[in-house]
Structures are given as structure tokens and as C-alpha cells.
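Using the sequences provided together with the hints, build the complete structure.
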Amino acid sequence: MKIGKKWYKRPRQILSMEQTARVPARLQDPILLVIETCIATGGRISEVLGLKWKHVDLKAGTIRIEQRLWHQDIDEPKSDTSKRTLALGSLVERYIAKAAEEGADPEAWLFRQRRDPGKPLWDSGVRDVLHQAAKAEGCDFEGLGPHSFRRANITWRQQVGGSAIEASKIAGHSDVDMTADYTFVDIERQQELTRAIQERLASVGEKQKVAVPPSPAEGANGSNGTALIGGAENLATTFIN
Numbered sequence: 001m002k003i004g005k006k007w008y009k010r011p012r013q014i015l016s017m018e019q020t021a022r023v024p025a026r027l028q029d030p031i032l033l034v035i036e037t038c039i040a041t042g043g044r045i046s047e048v049l050g051l052k053w054k055h056v057d058l059k060a061g062t063i064r065i066e067q068r069l070w071h072q073d074i075d076e077p078k079s080d081t082s083k084r085t086l087a088l089g090s091l092v093e094r095y096i097a098k099a100a101e102e103g104a105d106p107e108a109w110l111f112r113q114r115r116d117p118g119k120p121l122w123d124s125g126v127r128d129v130l131h132q133a134a135k136a137e138g139c140d141f142e143g144l145g146p147h148s149f150r151r152a153n154i155t156w157r158q159q160v161g162g163s164a165i166e167a168s169k170i171a172g173h174s175d176v177d178m179t180a181d182y183t184f185v186d187i188e189r190q191q192e193l194t195r196a197i198q199e200r201l202a203s204v205g206e207k208q209k210v211a212v213p214p215s216p217a218e219g220a221n222g223s224n225g226t227a228l229i230g231g232a233e234n235l236a237t238t239f240i241n
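Using the working numbering, read the sequence shown as starting at 1 and increasing by one per residue.
Hints in this document: simulated from the structure, not taken from any laboratory.
Wrong hints could be hidden among the right ones.
Said to hold, decoys possible - List of simulated lysine-lysine pairs, DSSO-like, C-alpha gap at most 27 Å: (1) Lys119 / Lys52; (2) Lys83 / Lys169; (3) Lys169 / Lys54; (4) Lys52 / Lys83; (5) Lys119 / Lys98.
To be verified - Label-pair ranges, simulated between beta-carbon atoms: (6) Gly138 / Gln190: 21 to 27 Å; (7) Ala21 / Arg127: 16 to 22 Å; (8) Val176 / Arg127: 24 to 30 Å; (9) Trp122 / Ala99: 21 to 27 Å; (10) Cys139 / Glu76: 32 to 38 Å; (11) Leu58 / Lys169: 22 to 28 Å.
C-beta: ideal position from N, C-alpha, C; glycine also.
This is the structure we're talking about:
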């Protein structure tokens, strides 16, 4: 029995931003808007499919997570912290258009089945269509699903300046440790952070060169008068002693 560490059946990964822009372009509504909502808000697929129009505030541009759809049954959110309000950003324009088209009955499912409007979409159907779109773009992988975009949202939210605490609150996590587990640091981000450190160090070094006046020892010990550790003089002294 393994204790103290969370184990995953499959390697965890997310699509890149470029791939995330391409894959939805192959989708159609209502599944397209489902995926766009997962990407924009970081909501769980059970929370998104559990939305009714009464949970949408078009004026404020938000959705309220008050329930979830679990195996086609209505259930309470996963935890107390999962009950939250999420911002739609520019996606609210799509919601406004959808409300105008459908009438937005408060008790109607936001994402309903076309053949049976009284029932919400199945999450399995969303996953199947998503796999097809990703496969067509050459970026499908085992384990890809709406939850992948939740992980991506949590990661990107911090990359654009959000704190871990903010990302945790928005995700509805019970603690920041869980948010850390969801956060990916890809090579591109590592390169960006590494270059930022190098540029800052280089900038400090240039300022120090300007601040230190030249000395008579220039040329023997270094261009800015600073003794070079491990130079020929030091080595000679070491061997003589």
C-alpha cells in the first residue's frame, strides 16, 4: 500500500497554448462553448455541465457554481470551497448570444442535449468529441479531457501574474498544496524565467562595472581593478609556498 503520495494512472500533461487555440477551432457548439468555459474559468466539467441559466449573471459576466452534474445526477459541489463565482471575461459575449437564441429559462440546462433538451450533455460525449478534434490536430494524448484545461487554466493563471492563492481560490481547491500539484512548469516557461534571472544578473554586473573606477592594477588583475581569483600570480604563489 502506497501512503503519503498521490499516484496517477497516466502521465499528466496539458496542451500548449498554441494547441489549445487550434483544437477548439474544430469544435461546434454546444461542446465548443463547454470547452471554452473550462479553458476560461478552470471549472470542473461536472460543474460546467451542471449549470442552469439561473446560475449565469450576464450583466456581471459571471457564473455561480452551486451544483454539479455527477453521472447525470445533480449533486452538491465537491467541497465547500467549490461553491464559488467565476468570471467569464470576454466569453460573456458568447453567453449573451446563446441566451438571446435560447430564451434563457432560469431552470433550463445551459448545455442541453439536442434530442432531449430536458437533459444536460454527457461528459463522456464531450470527451469523445474533444479527442477527435485533438487527434485531427496531431496533439491527442491518453487522458486528454476537459479536466486538462482546468490544469492548464490553473497553470496559465499564475504565469500571467496571478498568485498561487488566487489560483487556488478560483479553482475551488481546499488548499494551495493541491493547486501546486495542478501547476505545470513547461520548458518554455523555464527558459523565460531563467533568461529573466540572467538578464537581471547581467544588468547588476554592468552597473557594478560603471560604479568601480579604474585602478593602477588594471590590466594585471582585471579590466575594472578587481583581482581575479585563481590568476597566474595566485597559482605561482601557491606552488612556491
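To see whether the hints hold, each was checked on the structure:
The hinted pair formed by lysine 119 and lysine 52 meets the criterion: a straight-line CA distance of about 11 Å does not exceed 27 Å. At roughly 10 Å between alpha-carbon atoms, lysine 83 and lysine 169 fall within 27 Å of each other, so this suggested pair holds. The hinted pair formed by lysine 169 and lysine 54 meets the criterion: a straight-line CA distance of about 23 Å does not exceed 27 Å. About 15 Å separates the Cα atoms of lysine 52 and lysine 83, which keeps this hinted pair within 27 Å; it holds.
For the hint pairing lysine 119 with lysine 98, the CA-to-CA distance comes to about 17 Å; that is within 27 Å, so the pair holds. Between glycine 138 and glutamine 190 the C-beta distance comes to about 24 Å, which sits within the given range of 21 to 27 Å. Between alanine 21 and arginine 127 the Cβ separation comes to about 20 Å, which falls inside the hinted range of 16 to 22 Å. A hinted range of 24 to 30 Å for the beta carbons of valine 176 and arginine 127 is consistent with their spacing of about 29 Å.
The beta-carbon spacing between tryptophan 122 and alanine 99, approximately 23 Å, falls within the hinted interval of 21 to 27 Å. The hinted window of 32 to 38 Å between cysteine 139 and glutamate 76 holds, with their beta carbons roughly 35 Å apart. At about 23 Å, the CB distance of leucine 58 to lysine 169 agrees with the hint of 22 to 28 Å.
Taken one by one, the earlier hints all hold for this structure without exception.
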